[in-house]
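The primary structure of each chain is shown beneath.
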Amino acid sequence: TQLLEQSPQFLSIQEGENLTVYCNSSSVFSSLQWYRQEPGEGPVLLVTVVTGGEVKKLKRLTFQFGDARKDSSLHITAAQPGDTGLYLCAGASADSWGKLQFGAGTQVVVTP
Amino acid sequence: EPEVTQTPSHQVTQMGQEVILRCVPISNHLYFYWYRQILGQKVEFLVSFYNNEISEKSEIFDDQFSVERPDGSNFTLKIRSTKLEDSAMYFCASSEVSGGLSPQHFGDGTRLSIL
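Taken in order, these protein sequences are the chains called C and X.
Note that our numbering has the first sequence beginning at 1, numbered continuously upward.
Note that our numbering has the second sequence beginning at 1, numbered continuously upward.
In short, the hints are calculated from the structure, not lab data.
Hints may contain errors.
[Claimed, not checked] Straight-line Cα separation of at most 30 Å, BS3-like style, residue types lysine-lysine; simulated pairs:
(1) X:Lys-57 to C:Lys-70
(2) C:Lys-56 to C:Lys-70
(3) X:Lys-78 to C:Lys-57
(4) C:Lys-70 to X:Lys-42
(5) X:Lys-83 to X:Lys-42
(6) C:Lys-59 to X:Lys-42
(7) C:Lys-70 to C:Lys-57
(8) X:Lys-57 to X:Lys-83
(9) X:Lys-78 to X:Lys-57
(10) X:Lys-57 to X:Lys-42
(11) C:Lys-59 to C:Lys-70
(12) C:Lys-56 to X:Lys-42
(13) X:Lys-42 to X:Lys-78
[As the list claims (entries may be wrong)] So, partial list: chain X residues that the calculated Cβ filter (under 7 Å) puts toward chain C:
(14) Ser-27
(15) Gly-40
(16) Val-43
(17) Phe-45
(18) Ser-48
(19) Glu-53
(20) Lys-57
(21) Phe-61
(22) Phe-65
(23) Glu-85
(24) Pro-103
(25) Phe-106
(26) Gly-107
Since we're looking at a predicted model, the values are computed, not measured.
Where a beta carbon is used, it is the ideal one built from N, C-alpha and C, also for glycine.
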């Protein structure tokens with residue numbers, strides 16, 4: 001089983017600050033997906049990264065896939081209270097039919 | 001924007017009873033999945049389904065579990081004889097192509113409570 005480790009587990013920052021969430025594994029993934037989950041709801045897809053070294057931007061969110069496709073990061077610039085939520089990374093391996101291996105998540109709290 | 005819909009949102013069942021969880025995937029998607037999330041734990045893969053067959057399943061997906069696509073729109077998960085440890089959020093997801101290359105879109109889940 002490929003394990004995805006997310007760090008930190010919990011992050012509390014003030015509005016306007018920057019933050020970075022990390023997702024690491026010893027295994028190679030064919031793709032990695034970032035989701036955000038609110039309490040009592042399903043994960044909502046933010047982005048999919050496929051190519052090693054790829055960088056994708058979604059407004060104030062920047063996602064990076066490591067060159068070796070084993071790790072990824074999510075950077076939020078000038079965080080806002082609306083960014084509060086549980087951020088999950090999930091990796092798919094090349095030899096599976098789409099099985100996603102999820103990390104435990106990083107709970108982000110942005111206070112005004 | 002098209003979305004995955006799941007019913008019911010909450011199911012309460014006595015231990016030993018059968019439950020069927022229902023999902024309507026996004027209409028042009030071909031790959032379907034079930035995941036579960038026990039309270040406070042990671043989202044865990046259960047099964048993937050394509051072309052009316054199971055493509056892959058986890059160790060959790062034992063003989064008590066089955067999936068079916070009874071018509072062109074619904075995708076169901078059946079638990080034959082529920083156990084207390086089956087209590088969890090169950091999420092359905094779908095993707096256009098194999099989920100390794102295509103993003104998976106999730107429903108809001110069914111909260112299953114076994115008494």
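These are the hints, each one checked on the structure:
1. X:Lys-57 to C:Lys-70: It holds: about 23 Å lies between the C-alpha atoms, which stays within 30 Å.
2. C:Lys-56 to C:Lys-70: Since the Cα atoms of Lys-56 of chain C and Lys-70 of chain C sit roughly 16 Å apart, the hinted pair holds (cutoff 30 Å).
3. X:Lys-78 to C:Lys-57: 40 Å, violated
4. C:Lys-70 to X:Lys-42: 19 Å, holds
5. X:Lys-83 to X:Lys-42: Judged against 30 Å, a Cα distance of about 20 Å means the pair holds.
6. C:Lys-59 to X:Lys-42: 27 Å, holds
7. C:Lys-70 to C:Lys-57: 19 Å, holds
8. X:Lys-57 to X:Lys-83: 19 Å, holds
9. X:Lys-78 to X:Lys-57: Holds, because 14 Å separates the two Cα atoms, which is no more than 30 Å.
10. X:Lys-57 to X:Lys-42: 17 Å, holds
11. C:Lys-59 to C:Lys-70: 24 Å, holds
12. C:Lys-56 to X:Lys-42: 25 Å, holds
13. X:Lys-42 to X:Lys-78: 22 Å, holds
14. Ser-27: 17 Å, violated
15. Gly-40: Status violated, d = 10 Å.
16. Val-43: 4 Å, holds
17. Phe-45: Interface hint status for Phe-45 of chain X: holds (5 Å vs cutoff 7 Å).
18. Ser-48: 5 Å, holds
19. Glu-53: Violated. Min distance 10 Å.
20. Lys-57: At about 9 Å, which exceeds the 7 Å cut-off, the nearest Cβ of chain C leaves the hint on Lys-57 of chain X violated.
21. Phe-61: Not OK, violated: Phe-61 of chain X not within 7 Å of chain C, min 11 Å.
22. Phe-65: Not OK, violated: Phe-65 of chain X not within 7 Å of chain C, min 15 Å.
23. Glu-85: 19 Å, violated
24. Pro-103: 5 Å, holds
25. Phe-106: With a minimum Cβ separation of about 4 Å from chain C (threshold 7 Å), the hint on Phe-106 of chain X holds.
26. Gly-107: Because about 5 Å separates Gly-107 of chain X from the closest Cβ in chain C, which is inside the 7 Å limit, the hint holds.
Hints 3, 14, 15, 19, 20, 21, 22 and 23 from the list above are not met by this structure, while the remaining hints are.
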